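**Q** Use the sequences and the hints to build the structure in full.
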Amino acid sequence: MSRRTLALPVVDHADAAARFIADEARTDWHDGALWWVREKRDRAAAALPEWEALRALASRIKEHTLSRLDEHLERFEANATRNGIIVHWARDAAEHNRIVHGILERHRATRLVKSKSMLTEECGLNPYLEARGIDVVDTDLGERIVQLRDEAPSHIVLPAIHLKKEDVGDTFHAHLGTPAGLADPQALTEAARVHLREKFLAADAALTGVNFAVAESGGVVVCTNEGNADLGTALAPVHIASMGIEKIVPRLDDLAVFLRLLTRSATGQPVTVYTSHVHRPRAGQEVHVVLVDNGRTTQLGREGFWRSLKCIRCGACMNTCPIYRRSGGHSYGSTVPGPIGSVLTPGLDLERYADLPFASTLCGSCTAVCPVMIDLDAQLYRWRQIVADAGYVPRAKAAAMKASAYVLAHPGLVRALGATARRAMRVLPTRALRRASGAWGIARDLPVPPRESFHAWYRAHRADGRAAE
Amino acid sequence: MSARAAILAAIRAARPDGPELPDVRAAAATFGAPAGDLVARFIESSRAGGADVIEGTRADVDRLADAGAFAIDGALGVAENGAVWVVPPDREARVALFLSERVVLALDRSAIVADFHAAYARLDVAATGFGAFVAGPSKTADIEQSLVIGAHGPKGLTVVLVG
Chain C
4 MSRRTLALPV VDHADAAARF IADEARTDWH DGALWWVREK RDRAAAALPE
54 WEALRALASR IKEHTLSRLD EHLERFEANA TRNGIIVHWA RDAAEHNRIV
104 HGILERHRAT RLVKSKSMLT EECGLNPYLE ARGIDVVDTD LGERIVQLRD
154 EAPSHIVLPA IHLKKEDVGD TFHAHLGTPA GLADPQALTE AARVHLREKF
204 LAADAALTGV NFAVAESGGV VVCTNEGNAD LGTALAPVHI ASMGIEKIVP
254 RLDDLAVFLR LLTRSATGQP VTVYTSHVHR PRAGQEVHVV LVDNGRTTQL
304 GREGFWRSLK CIRCGACMNT CPIYRRSGGH SYGSTVPGPI GSVLTPGLDL
354 ERYADLPFAS TLCGSCTAVC PVMIDLDAQL YRWRQIVADA GYVPRAKAAA
404 MKASAYVLAH PGLVRALGAT ARRAMRVLPT RALRRASGAW GIARDLPVPP
454 RESFHAWYRA HRADGRAAE
Chain U
401 MSARAAILAA IRAARPDGPE LPDVRAAAAT FGAPAGDLVA RFIESSRAGG
451 ADVIEGTRAD VDRLADAGAF AIDGALGVAE NGAVWVVPPD REARVALFLS
501 ERVVLALDRS AIVADFHAAY ARLDVAATGF GAFVAGPSKT ADIEQSLVIG
551 AHGPKGLTVV LVG
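So the protein sequences, as listed, match chains C and U. Counting from 4, one number per residue, gives the positions in the first sequence under my numbering. Counting from 401, one number per residue, gives the positions in the second sequence under my numbering.
Source of the hints: derived by calculation from the structure; they are not laboratory data. These figures come from a predicted structure and were not determined experimentally. Do not rely on the hints blindly, as some may be mistaken.
Claimed, not checked - If the Cβ cut is set under 7 Å, some of the chain U residues that face chain C in the computed set are: (1) 427; (2) 429; (3) 510; (4) 542; (5) 553.
As the list claims (entries may be wrong) - Straight-line C-alpha distance at most 30 Å; calculated DSSO-like pairs for lysine-lysine: (6) U:555 - C:405; (7) C:167 - C:202; (8) C:400 - U:555.
Just so you know, even glycine gets a beta-carbon here, dropped at the ideal spot from N, CA and C.
**A** So, in structure tokens, the structure goes:
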């Protein structure tokens, strides 16, 4: 069934964000929490004099890889297969899910533990498997919390960043039997540890994401702080690794560049606690890698946008984005939110996600922090033009843009309207002016209107040759 | 057409022009080395990640193992981040590395390198089945950004620098 017949809702970021910011205190808290993560990233980056050189290297390695993606994928497949890893290819989300389910069925596996994989979120794997009788447990603590709450993760690295400890306490009280009102993070984490140990020990299969797949050696790299990916794969007889095709890097030496950038960008740590390299299944174990396209080859062919495939999913762009910090991941209605989400997702369904490139002030902070130097703000701007050409800009906004363009093209009109505006600002009561200025005036003080326009001042001073004051 | 053929064909039709692969080793050689000797920097990085570090002997390793920690040798240490490369020899060791409450890593002082560039140049990762850089006890900050040591993996990690 095509997605159009399902009539999936068009995302209205401003509308969703308005609901988020209705709770001003919580918005300030969310904003502060993410900015704090940004500051940790800044300290880590500043400690490496070669930081910019690493970014340039990473960007170049990724651009090269994408320009020869087929060759590197074939090499990875050949080397991984030679190592005893079983490699699968999936054109889209549905095919990925069928492949994963097929592997589980062949092993009569009904209990799956999963470590973090945004790709599997993108593919809707959990509901697919659950509908077929598989018990799926997300083992990353943040992901387990949102799974118990039946919510989507709101950040690709910090899935539960939108929740306060009291929220987690309530969820654990309902699902894990912790005492009502217990909100101490240490105690809650201990409760989750005990609860998830049972799941690890009982699992028939473990699924992980892939941070990097290395073409020259045919192995995959998984980075975690919690050890959940490794607990799963150390115990279970089947390890399935799901990866987007853009996660390939050519050489083991390239890993050094990316690993030095990844965690510093994501959380400000120099490295994750565990950086695990899987090259061969151990005796009696099967290791599967599922290579997934799901729109990536289409993005690869988009001249202004293919560089977004360099993304290593660090989340730094989200942590710095003033819009993300003050609207939260759920306002984007996409698997990956924030600046990178807004350049990856419109390509999947332009009508549905037309609003996302506009959820930005184009401040460019995202571009400044991106470890692989994706030109995020430029791509956001390019998408806006495509959205406008396709006719998906809301009618009121399109009309306002047309009117503004007309006015600005006629200097006489600009001067006349400017004079009217200055008079109005002097004469009308503040309340009326705020209402007239729309969303702008809700949380801002209005400027003091100048006595005259710059044009008038310049004419007056130029005429008698006096120097500008 | 198989998915494999379809995807590869789609890539060949779509792929942009791109630069040559950079010489990462040559670039890394131009990065300045931070001050302080390698062992001192490793100890600082390791402790910053929540690990205990002891400069000692095999006897210290045995003592901790007798007290209940899982002991395993590390092959190489990385000064910039306190990571230790561990290749568990069998399934039991791999499970114990992550399931134990406490882990002790024995690492030769002379096996410490400056950074990940040096580490990957020295190691033969392609020859391993499973190998991991371990940089401290497991941790999480998923609940309101409060750091908790001991998430799902070990709650304590000790590195004993021997030799």
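**Q** Evaluate each hint against the coordinates.
**A** Hint-by-hint comparison with the structure:
no. : hint          : result
1   : 427           : holds, 6 Å
2   : 429           : violated, 11 Å
3   : 510           : violated, 21 Å
4   : 542           : holds, 4 Å
5   : 553           : holds, 2 Å
6   : U:555 - C:405 : violated, 62 Å
7   : C:167 - C:202 : holds, 25 Å
8   : C:400 - U:555 : violated, 55 Å
Hint compliance for this structure: hints 2, 3, 6 and 8 are broken, all remaining hints hold.
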